[in-house]
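Line order of the protein sequences matches chains A and B.
Here the first sequence stands for residues 55 to 404, numbered as in the numbering used here.
Here the second sequence stands for residues 105 to 395, numbered as in the numbering used here.
Don't read these hints as lab results, they were simulated from the structure.
Quick reminder that beta carbons are idealized off the backbone N, C-alpha and C, glycines included.
Do not take every clue at face value.
[Stated by the list, open to error] Reference listing, derived: stretches of chain A covered by chain B, where coverage requires no fewer than 3 residues with Cβ under 8 Å from a Cβ of chain B: (1) 93 to 107; (2) 207 to 219; (3) 278 to 286.
[To be verified] Here are a few chain A residues that face chain B, going by a calculated C-beta distance under 10 Å: (4) D193; (5) P347; (6) M350; (7) W351; (8) V354; (9) L363; (10) M364; (11) G370; (12) G373; (13) F377; (14) F380; (15) V381; (16) P382; (17) L383.
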Amino acid sequence: MTTIPAEKKWLSQLQSLYDSILGRRWLLPVLLVLGLILSFAIPQFNLVNQYIQLILIYVGINIILTTSLNLINGYMGEFSVGHAGFMAVGAYISSILTTQVLPDAWLAWSFPLVVIAGGLGAALIGLVVAIPSFKTRGDYLAIVTLAFLMIVKSVIENIDAIGGPRGIPGIARLTTLPWTYFWTVAAVWVIRNLIYSRFGRGVLSIREDEIASDLMSVNTRQVKLLAFVISSFFAGVAGALFAHVLQFISPRVFDIIKSTDILIMVYLGGIGSLMGSILGATIYTVLLEVLRPLGMWRMVLMPLVLVLLMIYRPRGILGMREFRWFVPLQDLLGARQWRKKKEASDAAAS
Amino acid sequence: MVYILQQTLNALQLGSIYALIALGYTMVYGILTMINFAHGDLFMVGAFFCFIAATFLKLPFVPTLLVSMAGVALLGVLIERVAYRPLRQAPRVSAIITALGVGIFLENFTLVFSPYPQSVPQLIPNISWTIGGITVSSLQVIIILLSLVLMLLLDFLVRRTMVGMAMRAISWDKTIVPLMGVPLNLIISITFAIGTGLGAAAGTMYSLAFPVIDPYMGILIGWKAFIAAVVGGIGNIRGAMIGGFILGLVEIMVAAFLPSTYRDFVSFTLLLILLIFRPYGILGKPRPQKV
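Work the whole structure out from these sequences, hints included.
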């Protein structure tokens, strides 16, 4: 009898514990409710200090941005670099509503509507950007989205009524932890359901082979349009939340560097994986804050980590793999049956 | 009329800088089908090498240019060796993200050593001539002539020499050509050296024409040069030159006749319109899609 080394044993115990947790899918709603309670309790009783609360809000916003960009870049396989543009549209529409249109007394209850308005505005722009994606792909679509980002920035800079290059100061701080939590969960939930719907299969088929999916009677135009609209809607939502926590927006906030940040979070976590997006956004945001004592060296170290990660794990942390709780039960069962059948046929063949 | 001619001269100056940077994008793309997003930041590093050589080493113009080009070419080869080569077989987006990471690294590494914008000393005596109402400065003449010479040299290299033939062959097929005895890695290194060296030349000239430099200057100019490369048809060397000049012309003309804040808006809208009618750029050829 071979003796298992102590650490191996410990590891295998951990593995089985992990497996048994993953097997209990009912934990997911429990955890979600727990998170909701926590998101109310943390600001109420000041469980953690203000700084950490702020980081939590940023993590939530970044998760929304990352999952929504993952829909286009990861699941649909396009390369969009204009996500900060959609974010800017959402941020500006919502900030104009709260600072100039709505009376102050209404702000508290109308905030969710304002956020939705920001999202809808961004979705409308997403509709326009989706049209060039019918014909162009790859690098040329990247240029189209980049040009769109520059145009949005330039248009905002040229409209004096919304502050022009000076931006909008003095936005009320309406983004709270419960609202961030709600929108984060909503974004992940909606996109997860889309991915595993019939529409989602269409999105995946476009990534694998657009011509083939067209031949298999996937309506690629409709799928692309919907994917862009939904992705930009959530980018707009994130922009609205972002504006109401930063309390000041200007065109400079939403430049190409912001887009690059979101791209990095997507590819750090791994394309085609919702859990990857969540992890990528969380790790990137938290790591940047943890490294803050390093001062300016922080932003020197961070890209080095990214390059090393890309060299040793080119698909990101969880590239193309999904957290088991996010996969629908029938898919899991189907995969298990398929594996059993294959094992049986392999055994029969050998 | 004089005004238009004067602006055309300015457009030639800006356009030649864009064209030189766009060449770096298009060469790397042609040979590796990879967008080197760190290229704009290499342009910035070129400007900083020029600043160091001119301020601390007190070199005159030509040695400064050579130091900057050689330094950035070495850096470009090093980046390719360390960061891009391990990813040659990886998914394309991983290489793009790596390039973005390298770019951020270069920006912030420079920022650590130079937190404030620096001003570059004047290396070329500023003489201006007036010909028929048009003012021509010595700097403009040098920038335009030097970039034309560099572009002609590059065109000669790519079309008439063995190295150029190897480059074209590799951009045609990366699997078969190395089997014919073409040293793949060496040719890719040479491509990177030439491309980034041209970017550094652009950086040097830019920092002489607009003497205040900062670590983030490469981002916007780099993206714009990338757009110039796409307008010309990415992967096409003559296309990149044409694209650079077109972009320079559009930007200067918009700034000359409209409020200058409209510059980005108009030039990017024109880009979108152009891409609708010629989705593969001016000189680019659509690649047949295999089914």
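Taking the numbered hints from earlier one at a time, note which ones the structure violates and give those numbers from smallest to largest. 1, 3, 5, 13, 14, 15, 16 and 17
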